[in-house]
Every structure is written in C-alpha cells, then in structure tokens.
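Engineer: Note that the protein sequences, when read in sequence, are chains A and B. Under my numbering, the first residue of the first sequence carries the number 59, and numbering increases by one thereafter. Under my numbering, the first residue of the second sequence carries the number 59, and numbering increases by one thereafter.
Here are the simulated distance ranges between beta carbons:
hint, chain 1, residue 1, chain 2, residue 2, range
1, B, ARG176, A, ASP121, 33 to 41 Å
2, A, THR285, B, ASP230, 27 to 35 Å
3, B, GLU141, A, ALA144, 50 to 58 Å
4, A, THR285, B, PRO262, 39 to 47 Å
5, A, SER64, B, ALA87, 19 to 27 Å
Partner residues are not named here, just some residues of chain B that face chain A (Cβ under 7 Å, in silico):
hint, residue
6, ASP121
7, THR266
8, LEU283
Everything labelled a hint here was simulated from the structure, so no lab data went into it. From the three backbone atoms N, C-alpha and C, an ideal C-beta is built for every residue, glycine too.
Number of protein chains: 2
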Amino acid sequence: MVSRFSDVERRGVYRAIYERRDVRSHFAAEPLPDDVLARILSAAHHAPSVGFMQPWEFIVITDPAIRAAVKRRFDDANRRAAELYAGDRRRRYETLKLEAIVASAVNVCVTCDPTATRGHGLGRQTMPETAIYSAVCAIQNGWLAARAEGVGVGWVSIIDPRGLRQILDVPDHVVIIAYLCLGYVTDFETEPELATKGWEQRVPLAETLHFDRYGRVDGARARALATLSEAARIEGAR
Amino acid sequence: MVSRFSDVERRGVYRAIYERRDVRSHFAAEPLPDDVLARILSAAHHAPSVGFMQPWEFIVITDPAIRAAVKRRFDDANRRAAELYAGDRRRRYETLKLEAIVASAVNVCVTCDPTATRGHGLGRQTMPETAIYSAVCAIQNGWLAARAEGVGVGWVSIIDPRGLRQILDVPDHVVIIAYLCLGYVTDFETEPELATKGWEQRVPLAETLHFDRYGRVDGARARALATLSEAARIEGAR
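Turn these sequences into a full structure, and let the hints guide you.
Structural biologist: Shown next as structure tokens:
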C-alpha cells in the first residue's frame, strides 16, 4: 500500500525545492547545532546510489586554519576567473559574492570513491559515471533537508581541485565532488542572486522539453506542461 | 527574514528523502496525469546549477516503439552484465528486477549540454564537471517531488549509452545523464530492494564521516552524529 503524503507534507517538499538557494551572503554568526548537521548528513546518506554502492564520504570541516587555506585557493581561482571577463560583464562578476568559506558555520567536502567494490558493480558496467552521480544526489538531498531546517548551503566550485586535494589530504583515487558552506542564515532570497544581479535568467521550462526523441519539440505541449506546473511553483514560493 | 518550515512541512521533506525508492516493480497500470508529470519536471528544472547555467534537458518518452527499442538495449546489456557474476551472486543477480521501461507510465531521458554558454562559464573554469552535476541535482529534485506525489522513479543505468544516443537522436555534444522510468506505483518498499534481496547492505552513516581532513576519523564524534540523526530517519520512515 502506498503511504500518501498529506497536502502539507507535499507542500513542504515543493517549498524546499523552490525556496532552496545557493547561499553565499546572509550567513548568521550562530553555530550549527550537531543535531541539525547530523540530520542534513543523514539525508545526504539516504540518497539513491547505483547498485546501492553508497560511494559518498563527507569531510566535516571546522578548523579555521584549513578554512583559511581553502579561502586562499578560492581567492586565487576567483582572480583568474575574473580576468576572463571584460567590460560590463567583468564589473558584474566583481559584484558577486561567490563563497562563504570562512563566514559560514561549517564546511563539508563531499567526495566519492568510484573504485569501491560495494554494490558489486551492479549498474556500473555500462555507465560507470553513475558512481559519481550518486554522490551528487546525496548533495541535493542534503541541500533540501538543509532548507527545511532553515540552513543555507553554498556550493563553491571556484577552487582548483588539486589545491583542495592537497589541503584536505584526499587520496588520488577519491574524487572531490563538491565543497559546501553551511550555516543558519538571516535570509533566503526569493530569487537566485545570479538572476537578480543580472548575470543570467531562468530558462522557461518549456524550452527544456523534447518529446520521444531529442530535437523533437512540441511547443504547444511543452507550454501546456509548463502552465500545469505553475501551481506547485506558486505553492512552493508562497 | 527566514521563512520557516512548519513541523509537518519539514516532515514532508524527510519523508520524501527516507521513503524515496528506486522503483522497478509495483508500477500501476494507470497513466501519469500531465499535471503530475509537469510538477515533477518543474521541480527538476528548479535544481541548483553552476552559474545558473540550467544545462539540463528532458526527453519525455511515451512512444511504445522507442521504449521497446530501449528495452532491447537493456536486455543486451543486462545479459552481458549477468555474465560477470558467478555462483550464488549470479543467481541473486538474476532475481533482481532492474528496469520498468515498458511497464512504467512514462520514461524520461535527462541530458546535459556542457557546451552551453548560459551562465557565462561562471564556476566552470576550475570544475567544468559541475555542469553535469547540475543535471544530476535536477534528477534528485524530480525524484523527491515524485515521491511526494506517490509516483515511483527507477533509474536504469544498464544500457549502453551509445545505443540510447542512436535511438533517441541525441547529438554527440549532449551528454546522456540518466534514463528514468516513472509512474504511479502500488507500493513503495520500506527498504531498498537491493538490501532486502541481500545484494548489498546500508553503510552506517558514521563510516562515511571524516573530520577536517580526509582519513581523520573520529569514531566517537561520528557515532554521536549518527545517533543524533536517528530522529529524522524515524520521523521520515514513520
């Protein structure tokens, strides 16, 4: 028998999805209690994984010296990244806050060991990359749980992973998937900061849809589906 | 101001996380209404993405001929995969139901175009793989929304992606991330089928945790966090 969700439980899921933000500003000074951190990590650990491989690992980072070292690596990478832009785009880039490595309560580095034999290779003969994908699903589970707890998460990808590997002693066979900043926040913005600051805009859902084959678009059907989805979005964004 | 979740909304998020299953059996014969499919796709589309790149696309597949062709590719790959196991493990493998390509209401192939310029490369200089990861986050968003809707999702990775590319006309520069089977189900199992059928067991959360550096384990702290996480799991699994 299917255990149904009540309307309010279902609304909770959509709220987490639509009100989740990639948070870099607004982190509060207060610490993240262990029970909240534990619930977020456990949510991540209950992600789907290919062959029930569970290839993810979590490095919980609080040491200020390590965080300062990671921050320096971010600063280096961010300086080089900024140099790729010119004119107005460059000015826009420089207004963006793209990390909260030191300002957030705790950092979590998510890794994946694709060489692990757990799961006995099931599902990985044809698509071995699904080991990595499982670890990414864990991140998204944790991110949504965090939103439900009022905790912000920011994913920092502007770091040379080789530098991160060195600082965190990550062995060569282990893949660094993500470096996350977590903590209570004073605010969740209603729209992504990259949209409000004019960096990029949301794509209409209809433009992401193909039918039966790639490239077979059906504007009327795609727009009908996009319109039908609005109820959940509005409910989530309340 | 942070818009808090009520206890019931938060419970909904944890229920979705803990009661989500990779579903291959128990698909019901009834169709999936467009409004439900639309809400699931929109949830996926509201995933985080590097630089707000939104690199995902969704091929919604209902055509029986295409699904039959995909099923044949699964059968080929599954036969080859089975041959890698021997003895008891082989017998166990053969009891597993690993797809519902034809039995489910609708299939969705999730793709990612890592060459898209949307997002202006932000966050992708140092870790270009985050484009792919964004598409995986979209899958997990959709998976949890589906659970809240009473809809099962099964991720089929036992297919040669080259075969899938041919059947679905996916261009070479577009990455095939996942082939998903969706539909209402008659049951969500309380534990993953790979656990109940003795293929693989759940790893204790404590074993996935490192502190400050990879390899720096702290058994007492890890077990304390694992114990603290129990409340959410029990609430989710009710």
